[in-house]
Structure formats: structure tokens, C-alpha cells
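Hey, can you work out the whole structure from these sequences and the hints?
Protein chains: 2
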Amino acid sequence: MTGSGTTSYRRLGVAQRRAQLITAALGLFAQRPPEDVSLDDVAAAAQVSRPLVYRYFPGGKTQLYEAALRSAADELELCFAEPQTGPLTVRLAAALDRYLAFVDGHAAGFGALLQGGSVVETSRTGAIVDEVRRTAAGHILAHLQVPEPGVRLRMTVRTWIAAVEGASLTWLDEGKRPPVEELRDWLVDHFVALLITTAASDEQTARVTRAALALEPADGVVTRLVRRLGPVLAEAGHLL
Amino acid sequence: MTGSGTTSYRRLGVAQRRAQLITAALGLFAQRPPEDVSLDDVAAAAQVSRPLVYRYFPGGKTQLYEAALRSAADELELCFAEPQTGPLTVRLAAALDRYLAFVDGHAAGFGALLQGGSVVETSRTGAIVDEVRRTAAGHILAHLQVPEPGVRLRMTVRTWIAAVEGASLTWLDEGKRPPVEELRDWLVDHFVALLITTAASDEQTARVTRAALALEPADGVVTRLVRRLGPVLAEAGHLL
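Residue numbers (our numbering), protein chains in the order written: chain V, 18 to 257; chain L, 18 to 257.
Because the hints were derived from the structure by calculation, they are not lab data. Heads up, the beta-carbon is just placed ideally off N, CA and C, and yes, glycines get one too. Worth double-checking, as some hints may not be accurate.
Reference listing, derived: stretches of chain L covered by chain V, where coverage requires no fewer than 3 residues with Cβ under 8 Å from a Cβ of chain V [as the list claims (entries may be wrong)]:
(1) 59-67
(2) 166-172
(3) 176-188
(4) 204-217
(5) 220-229
Stretch-level coverage of chain V by chain L, calculated; a stretch enters the list once three of its residues show a Cβ under 8 Å from a Cβ in chain L [to be verified]:
(6) 162-174
(7) 186-195
(8) 214-221
If you want it as C-alpha cells, here you go:
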């Protein structure tokens with residue numbers, strides 16, 4: 018191992034070396050909160066010397082953390098890309114599968130970052146996280162085919178994204194329960210419910226919702242949700 | 018002004034002086050993010066000298082910020098207390114009115130804290146914010162009368178709380194639009210929709226939801242929501 022490590026040490030170019038250090042750091046941040054990861058740990062994981070880590074990241078752990086976060090944000094934003102065809106709930110489920118796999122794979126770092134109060138947090142890390150949220154919102158609005166979303170629709174999409182983040186943190190906190198497929202289905206149901214609820218008091222959202230529902234298949238997610246609501250609402254006849 | 022300031026300077030006891038400095042700090046944090054508030058600003062707002070601020074908060078701005086946050090958290094937790102009588106949606110609306118008034122009154126500080134990346138953020142400030150969330154969740158579960166909530170119900174409540182935070186930040190971001198009453202009504206609708214949606218796939222939540230719906234009046238929030246859904250779902254007959 019040491020032999021092959023030394024070989025790769027010599028052969029890597031600047032960009033590759035940088036990427037290797039970031040990958041090593043991401044691996045550690047996935048397992049432990051950033052404050053429990055030292056540059057020595059990163060050097061050991063990448064099988065290089067501490068001075069080499071400092072040569073690439075002279076700003077130390079903060080700079081390395083920002084670079085790792087930048088890299089993770091790029092990866093996360095790729096999760097959101099989904100062709101604009103087929104039922105909206107199917108597209109949403111596909112994007113959520115990738116997002117939740119990311120959360121699963123970066124558990125500790127994801128939690129530390131979003132929970133705040135981490136020693137390596139800076140205004141730049143905050144801006145990166147915010148950019149990911151904005152990108153996610155942009156994707157959803159594009160799928161809803163709304164070139165000029167009003168305040169209520171923007172708020173609906175951003176609120177659901179906050180809910181997904183909150184649910185993901187709770188999921189990690191609860192030892193990854195319920196099973197990830199159940200979480201994904203529930204988050205899709207939640208999106209449908211929130212969109213329909215907002216449609217009840219906002220005309221633009223109502224138009225978007227009608228168009229989205231028209232694309233849903235008769236035996237799909239929305240039908241299943243509506244059918245399962247029967248027993249819940251059976252005794253609430255006085256409200257209907 | 019200076020004369021009366023000097024008089025109050027002499028007369029205040031330790032606890033009162035501490036409270037006065039925290040109130041002055043909260044006033045400034047409400048208008049500007051913490052990084053733009055100096056101890057000189059706090060001293061000027063409280064009409065005292067900078068050394069006096071340091072005597073009470075030898076840890077400087079971080080300590081003062083933590084104390085201000087602690088005080089704000091205590092105030093916020095008082096918002097959640099609501100008698101356990103009447104329809105759940107009415108109780109929720111009353112608590113949300115107080116919470117949103119708090120958000121409105123502490124705009125800059127609230128935003129800075131929850132958006133993260135603030136220079137004064139520490140693991141202690143993160144713990145205080147987390148405690149407020151846990152307290153809010155505890156209140157809601159108590160109102161739902163669930164002594165032993167399962168993972169799905171816990172996740173539902175915590176996810177809605179994350180959604181409320183996200184919506185509040187978006188509301189500040191959008192220049193406090195839509196009007197606060199509209200935001201409150203929408204958040205109540207959102208809670209009802211999320212509870213019913215979760216009830217569709219979780220037996221405990223279904224029991225709780227049936228009991229909550231039984232207490233709702235025929236001309237209340239839930240009925241209005243259901244009625245307004247008619248036109249949205251009119252063209253989605255193939256799903257029902």
C-alpha cells in the first residue's frame with residue numbers, strides 16, 4: 018500500500034491532487050462532524066504529508082472545508098437534473114432518490130452543515146448552501162413550467178425544500194428510519210398535498226396544479242394517496 | 018437624555034443592568050445581522066460605556082450574542098404555550114400569530130441565525146435553536162395528545178416546524194409578502210394537509226388525525242380548505 022501510495026503521490030497533477038484531497042476530506046466529513054476532522058486526518062486518509070495538504074490549502078481546514086462543500090454542492094446539484102417528461106411525481110421521486118442517497122452517503126457532514134454552529138462555517142459556506150437551495154427551487158419551478166412564479170408559488174417551493182431538509186435531518190437523527198423508500202414516497206405525497214393546498218388560495222398555483230394533475234396516471238401516486246385518505250376522512254363527514 | 022441615562026446608570030442592579038444590555042443588543046440584532054453590530058453600538062444603544070458592557074459580558078460579542086439568543090429563545094418558547102381546548106387549527110393559528118409577530122420583530126437577527134454562517138454562531142447557539150425546535154415539537158405532540166409518538170408522527174411534526182422556519186425566512190426575504198394573516202392561514206392549511214397525508218400511510222397519525230378532525234367545526238378552516246379544493250380537482254377526475 019505504501020509503495021503504490023508513493024507512486025500515485027509522484028504522478029498526480031495539480032488538479033488531480035486537489036481532487037484527491039477533497040475526496041479524502043469528504044470521506045472524513047461524511048463520518049464525523051467537521052470539528053472532529055483534523056488536517057492530519059485528511060493527510061493520513063489521502064496518504065500524503067500534512068505540508069502537502071497545506072500547500073494545496075494554505076487557508077487550512079476552513080479552506081479545505083469550503084472546497085469540499087463546493088464539490089459536494091456541485092454533486093448535489095447534479096441530483097436535481099431530471100428530464101421534463103412524464104408525471105411530475107415520478108420525476109420528483111427520481112430526484113429525491115438521488116438526493117436521499119447523497120444525504121445517506123454524507124450523513125455527518127450534511128447534518129453538521131445544515132444544523133449550523135459548526136466551527137468551520139463561514140458566510141461563504143452559508144452562501145454555497147443557499148445556492149443549492151436556489152438551484153433546487155429553480156429546477157422545480159422549471160418542471161412546473163412557470164417562467165414568472167408569483168410570491169405564493171415561490172414560497173411553496175422553497176418551503177417544501179426546507180421541509181425536505183428538515184425531514185432529512187430528522188431521518189438521520191432517527192437512525193435512518195423510516196426506510197428511505199418510505200421517506201421518499203412521503204416527501205412526494207407532501208409535495209402533492211402542499212401544491213394542492215396552496216392551489217386552494219392562489220390562482221397561479223391552481224393553474225400549475227391542474228396542469229400537473231392532468232399528467233398523473235390513474236394508477237399512480239396521487240390516486241393511491243386519494244384512496245388511502247378515505248378511511249381517515251370517513252368520520253369527518255361534518256366537514257365535507 | 019444623557020442626564021436620565023446617567024441616573025438610570027447608577028440605579029440599576031446587576032440583573033437589571035444585564036437585562037438592559039440584552040434588550041439593547043436584541044434591538045440592534047433585530048435590525049442588522051450580528052456581524053454588523055459592535056459592542057460600541059450596544060454600549061451606545063444602552064447609553065453606557067464600552068467597559069461596562071465588557072464587565073457584564075467579558076466574553077465580548079459572542080457571549081452577549083449567546084445571552085441575547087437565550088433571552089429571545091425564552092420569549093419564543095412562551096409563544097408556543099396555548100390552552101389545550103377548542104379546535105386544533107384555532108390553537109395552531111393563535112400560536113402562529115405570536116410566532117410570526119416574533120419573526121417580524123426580530124427580522125435581521127432571526128434571519129442571520131437560521132441562515133447560518135454568522136460569525137457569532139457557536140455550537141451553543143446551535144443548541145439553543147435546536148432546543149426551541151424541540152420545545153415547539155413537544156407542544157404540538159402534547160396538543161395532539163400522543164404520549165408516545167412513533168417515528169412517522171415525530172417526523173411529521175418536526176418537518177412541519179422546519180417548513181414554518183423556511184416559510185418565515187422566505188417571507189422576510191420576499192419583503193414580508195404575502196400579508197402575515199395569509200401566511201398564517203397557509204401554514205395552518207399546510208399542517209392539516211401534512212397530517213392528513215401522513216395519516217394515509219401511518220396508523221398512529223390516522224388515529225390522531227381522526228380525533229383532531231372530530232373537534233373541527235363545520236364552518237372552520239378545514240371545511241374552507243376542502244371547499245376551495247373543488248375547482249382545483251375538477252379536471253382530475255381520472256385520479257379519483
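Hints and how they fare:
Coverage of the region 59-67 of chain L by chain V is violated. Counting CB-CB distances below 8 Å, 0 residues qualify, and the rule asks for three or more. Remark: the region 166-172 of chain L is confirmed as covered by chain V, as 4 of its residues place a Cβ nearer than 8 Å to a Cβ of that chain, reaching the required three. For the region 176-188 of chain L, the stated coverage by chain V is satisfied: 11 residues place a CB nearer than 8 Å to a CB of that chain, which reaches the threshold of 3. Counting residues of the region 204-217 of chain L whose beta carbon lies closer than 8 Å to any beta carbon of chain V gives 10, which meets the minimum of three for the stated coverage.
Coverage of the region 220-229 of chain L by chain V holds in this model, with 3 residues showing a Cβ closer than 8 Å to a Cβ of that chain against a need of three. For the region 162-174 of chain V, the stated coverage by chain L is satisfied: 4 residues place a CB nearer than 8 Å to a CB of that chain, which reaches the threshold of 3. Residue count for the region 186-195 of chain V with a Cβ under 8 Å from a Cβ of chain L: 6. That meets the three needed, and the coverage hint holds. Counting residues of the region 214-221 of chain V whose beta carbon lies closer than 8 Å to any beta carbon of chain L gives 5, which meets the minimum of three for the stated coverage.
Comparing the model with each numbered hint stated earlier shows that hint 1 is the single one that does not hold.
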